[in-house]
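**Q** So you can see what is in the structure, the chains are spelled out below.
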Amino acid sequence: MKFLPFVLKHLKRNWVRTTSTVVAMAVCIFLFCTLQTVLREINAQLESANAARLVTRHAVSLVFSLPLSYGARIQAVPGVKSVANTTWFGGSLPAKKEGKAEGDASTTDWSSFFPNMAVDAEPYFAMYPEFQMPPEQYRDFLGDLQGAAIGKKLADKFGWKVGDRFFLESFIPPYRKSTGPFEFVVRAIFDTDTGKYPGTDTNIMFFHFRYLYESTGRRLNAGTYTVAIDDPNKAGSISKAIDGLFENSDAQTHSETEQAFRAGFIAMAGNLALLLNSIGLAVSFTILLVTANTMSMAVRERRTEIAVLKTLGFPSALVMGLILAEALLLGFLGGGVGVFGSQALMWVIMHSPAKDMLAGVGLSTLAIKPAVGLLGMGVALVLGFAAGFVPALNAYRSKITDMLRTV
Amino acid sequence: MSMVDVQAVRKVYRRDAQEITVLDGIDLQVPEGEFVALMGPSGSGKTTLLNLIAGIDRPSSGKVIVAGTDVAQLSESALAVWRSRNVGFIFQFYNLIPVLSATENVELPLLLTSLGKAERRERALTALKVVGLADRAGHYPRQLSGGQEQRVAIARAIVADPKVLVADEPTGDLDSKSAEEILALLETLNREFKKTIVMVTHDPRAAERAHTQKHLEKGVLKA
Ligand SMILES: Nc1ncnc2c1ncn2[C@@H]1O[C@H](COP(=O)(O)OP(=O)(O)O)[C@@H](O)[C@H]1O
Ligand SMILES: [Mg+2]
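As given, the protein sequences belong to chains A and B, one line each in that order. Going by the numbering used here, the first sequence opens with residue 1, and the numbers climb by one from there. Going by the numbering used here, the second sequence opens with residue 1, and the numbers climb by one from there.
Because the hints were derived from the structure by calculation, they are not lab data. If you're wondering where the values come from, they're calculated on a predicted model, not measured in any experiment. One thing to keep in mind: the hints can contain errors.
Listed below are the simulated DSS-like cross-link pairs for lysine-lysine, each with C-alpha atoms no more than 25 Å apart in a straight line [stated by the list, open to error]:
| # | chain 1 | residue 1 | chain 2 | residue 2 |
| --- | --- | --- | --- | --- |
| 1 | B | 63 | A | 399 |
| 2 | A | 152 | A | 196 |
| 3 | A | 152 | A | 369 |
| 4 | A | 369 | A | 157 |
| 5 | B | 117 | A | 2 |
| 6 | A | 12 | B | 117 |
| 7 | A | 196 | A | 157 |
| 8 | A | 355 | A | 161 |
| 9 | B | 63 | B | 218 |
| 10 | A | 2 | B | 129 |
| 11 | B | 63 | B | 222 |
| 12 | A | 234 | A | 196 |
| 13 | B | 117 | A | 9 |
| 14 | A | 355 | A | 152 |
| 15 | A | 153 | A | 196 |
Throw the hints in and build the complete structure from the sequences for me.
**A** Encoded structure:
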């Protein structure tokens, strides 16, 4: 297009202004893309939760556990299909890979943190069609007290194969034993159908609660119970019935759908996201003002120039188009830099130790999805357009003779 | 036939409730190939009349026929096209576009034509040669003197080969030597290139270079 050099020359001449506007725009789009990516990841997690599963936890806090006797009593509630003790172990690999730690807490290697749960394996996996593994591996896992079923992502991360051994040590005192870390044998590797169950994370490990119970020699309780129910529509009444059972006991319970449970679990993250989103919105608005200011300054300075172009026979629509093109180009540059910057940040995080911390809370993959990148570019272009529209329209409407009259 | 034919033109500006009659029944015929100087005191309506002839403004009443076209009859966009083909405008303050080089400034009107890039360049250079600035083709306006800027502006006005040149105080911002060069250039364009020129000025020495002089006073033309 023969008018492009004309537009570029204007941006180049005011390069300080152009650069600062592009940088401001880039920061805005950077925030937008990064937040959107994290939010989408969190939402995908929420959506993967199944409404036909309840989580029963201590009414006060997740920190407190529930008596093992509750399992059978929950099972007896009408509408409950099955119950599985689901206890977050909080284990991590000892720094010394060979294990046999000296009983020293400082041997924990935090950088390779991943979620690991002690469960009643049989009912648990029956409730989770998401997790698929070869039947013979599942059988071996059930038959081995030290057996571990690990997700595909986890297996890939550490290069673990069936038969490999590893050690985990919990930071939660009751789950530690004097003889050192727990030894596990990989017996099964499960994967998921991401088409059918998007958002299901296989960066996770399960092992037998019985192993934990017997090894510590303590009378351990259950962290939470996962409860499968007949009818998702009755989730509310069944939850009430379960909590009603323990109303008068020392350990009262709070039951909710898995979805609500996860939502609560990441509510803090959610609140943070809301906060960041509001900041993002405020920033976007500021950027709009900054860009609009840039454009109206650019146009005001160029009153005479616009009059000259029109005098030479440039149609008003073309003059308007040139100004809009300039604003859109600012948006395009800012958007491009912002999207690229966001992707770069995520790449850096995903290639740094922080990756494992994020994986620990379920954010095991962070990358800008094409939809988010496009949306970011779209927002940048819309901002550019919005900023350029009024000055461009003024240029379109203005009369040559008015603009040429030197005031 | 007249190249410029202004018939009973009135121009009234409305400022709030107040009406100001700037041009009050103007008749002016400029034959093809003529070089007219339009004189008069400041505020007498010279620029207003010139703008009407150049087709960047419309009369309140009366007719403005330039190069055979009744300017007031054209739509806004048709008028823009007509201007690009028929009129070259020379401003007092040159009004070059600062981010563009001399050649690019001169080339600007040609962007509206279907000419290819190479041909646009070539024509722009030819126009610069005519005004004697071929050696400054790559210079930017801030690197040129006032007289040189005005010569680039004249090259821009003639590059699309219009029939009529209108100039609003083209020497008003120049020292006498540069002014002399500009006037000589306009004479050449009139004599050699057969351009019809309407030039507004209040400098009697500038007006002497034209074939005829018209005096505007309080919105009325005097011989
Ligand atoms: N757009 C306008 N609105 C109101 N008054 C105008 C406008 N343009 C010109 N005038 C008035 O018309 C008169 C003539 O102006 P102008 O043609 O510029 O005079 P000259 O060029 O002879 O100095 C002046 O009094 C000026 O204030
Ligand atoms: Mg004037």
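**Q** Now tell me, hint by hint, if it's right for this structure.
**A** Each hint, compared with the structure:
{"no.": "1", "hint": "63/B with 399/A", "verdict": "20 Å, holds"}
{"no.": "2", "hint": "152/A with 196/A", "verdict": "16 Å, holds"}
{"no.": "3", "hint": "152/A with 369/A", "verdict": "22 Å, holds"}
{"no.": "4", "hint": "369/A with 157/A", "verdict": "22 Å, holds"}
{"no.": "5", "hint": "117/B with 2/A", "verdict": "8 Å, holds"}
{"no.": "6", "hint": "12/A with 117/B", "verdict": "22 Å, holds"}
{"no.": "7", "hint": "196/A with 157/A", "verdict": "23 Å, holds"}
{"no.": "8", "hint": "355/A with 161/A", "verdict": "22 Å, holds"}
{"no.": "9", "hint": "63/B with 218/B", "verdict": "20 Å, holds"}
{"no.": "10", "hint": "2/A with 129/B", "verdict": "24 Å, holds"}
{"no.": "11", "hint": "63/B with 222/B", "verdict": "19 Å, holds"}
{"no.": "12", "hint": "234/A with 196/A", "verdict": "24 Å, holds"}
{"no.": "13", "hint": "117/B with 9/A", "verdict": "17 Å, holds"}
{"no.": "14", "hint": "355/A with 152/A", "verdict": "17 Å, holds"}
{"no.": "15", "hint": "153/A with 196/A", "verdict": "17 Å, holds"}
Of the numbered hints listed earlier, not one is contradicted by the structure.
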